[in-house]
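Using the hints, position chain B against chain A.
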Amino acid sequence: MTDAKSIRVLIADDFKVLRDVIRLHLERAEDMNVVDDAPDLNDALELIKTLRPDVVIMNDYLPPIDSAHATARFRELGFTAAIVIISMHLEPDLIHRSFLSGANGFMHKDEIDKYLVDAIRAVHQGERYLSPSARDAYNNIQK
Amino acid sequence: MIRVAISDDHPEMRVAVQLLLSLSNEMEIVCVTSNGQEAVDCVKHLKPDVLVMDIHMPVLDGFEATKQIADLSFPTRVILISTYTGHFIATQAAAVGAQGYVPKDDLATLLLLAIETVHRGELFFAE
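Chains A and B are the protein sequences, given in the same order. Last residue of the first sequence: 143 in the working numbering, with the numbers rising by one and none dropped. Last residue of the second sequence: 1127 in the working numbering, with the numbers rising by one and none dropped.
Just so you know, these hints were derived from the structure itself, not from any lab. These figures come from a predicted structure and were not determined experimentally. The C-beta atom is built at its ideal place from N, Cα and C for all residues, glycine as well. Don't take every hint at face value.
Unchecked claim - SDA-like, lysine to any residue: derived pairs with alpha carbons at most 20 Å apart:
hint	chain 1	residue 1	chain 2	residue 2
1	B	K1044	B	I1002
2	A	K114	B	N1025
3	A	K114	B	C1031
4	A	K16	B	S1082
What the hints assert, rightly or not - Sample of chain B residues lacking proximity to chain A, with all beta carbon distances greater than 10 Å (derived):
hint	residue
5	D1009
6	K1044
7	H1087
8	A1094
The shape of chain B in the complex, shown without the other chains:
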């Protein structure tokens, strides 16, 4: 079972990601948060296998939260998501220490595969 955390300030996006993860028998949602600070706290306390996190969020954005999580040296893998597409945003996600990036428009088709991929220790950057 892959233990997954979700962080997004958009309530409807949280609903969509939870519904998507419910389609997999191999994933368990361990926490759902709405800003980067809550996501960091979740990682510290629950050590999920994978964190799926929006980039643009209040309090602490996804980039800063990813840097803090990388500094923890925990095994948690981070997949960043946002509305943007293209090489630049994927490169930025990699630079802050994320193991994956998925544009929100492609979540339904790519996110489950991305979670499985980073959980295996590989990278998944969709541009």
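Extracted from the complex, chain A is given alone in its bound form:
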């Protein structure tokens, strides 16, 4: 359903199967509208510039750079979309650097089923979102 209330989402991940499945997952939420998806940084930059999504779901590595550098690039260009990083690894240093660069959320890919929709709604409201396992990993670096 596409209407004024929809949260416009872009999916950026180099793994096509996961992009396709996340799109199906999000299309089940009444307030989500997946505007497009991108396999790498260049495509993501172009699509964010032209489509102006509200939220970007981004892999922790978007060829050719990691999520911290990609987020920094988006912010340098003035993109205000909220950014949720999805990862198979949850490296505390990368979580920390991604937030410093201006990311808004972080989660393990195992948690997409349970938490991605909540994460998108939270960051769209201006909140920071850490999934349970990302919170555990992030707390370790702060101890």
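Only chain B this time, still in chain A's reference frame:
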């Protein structure tokens, strides 16, 4: 409820297939493994209705695992998946005893339908 087993050595592919199956209210994941030997062991112990299995895996590949499962004469149906497309790979999958084949690029659009189809006792070979 269709009881489904998943076997793939690529962790991110396992995540994607589990997320895809969670979209169906009629499927239950009974085991997730990362090589063909573990998949055969899962079938022996849990007798899933459908096994979704990668072809190229360590220890025991999907073709050999499918042959062993076929020899068990269990009701478990096997859908092989791989990055390859085309008639040749689908024919090879059928020759070793699989009931279905789906290229990985088409998983999101075809896998749930493939599982339902082989569970009904029909074949599903996407080229």
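Okay, the hints, checked on the actual structure:
no., hint, verdict
1, B:K1044 - B:I1002, "holds (17 Å)"
2, A:K114 - B:N1025, "holds (15 Å)"
3, A:K114 - B:C1031, "holds (19 Å)"
4, A:K16 - B:S1082, "holds (14 Å)"
5, D1009, "holds (14 Å)"
6, K1044, "holds (27 Å)"
7, H1087, "holds (22 Å)"
8, A1094, "holds (23 Å)"
Hint check: no violations occur; every hint is consistent with the structure.
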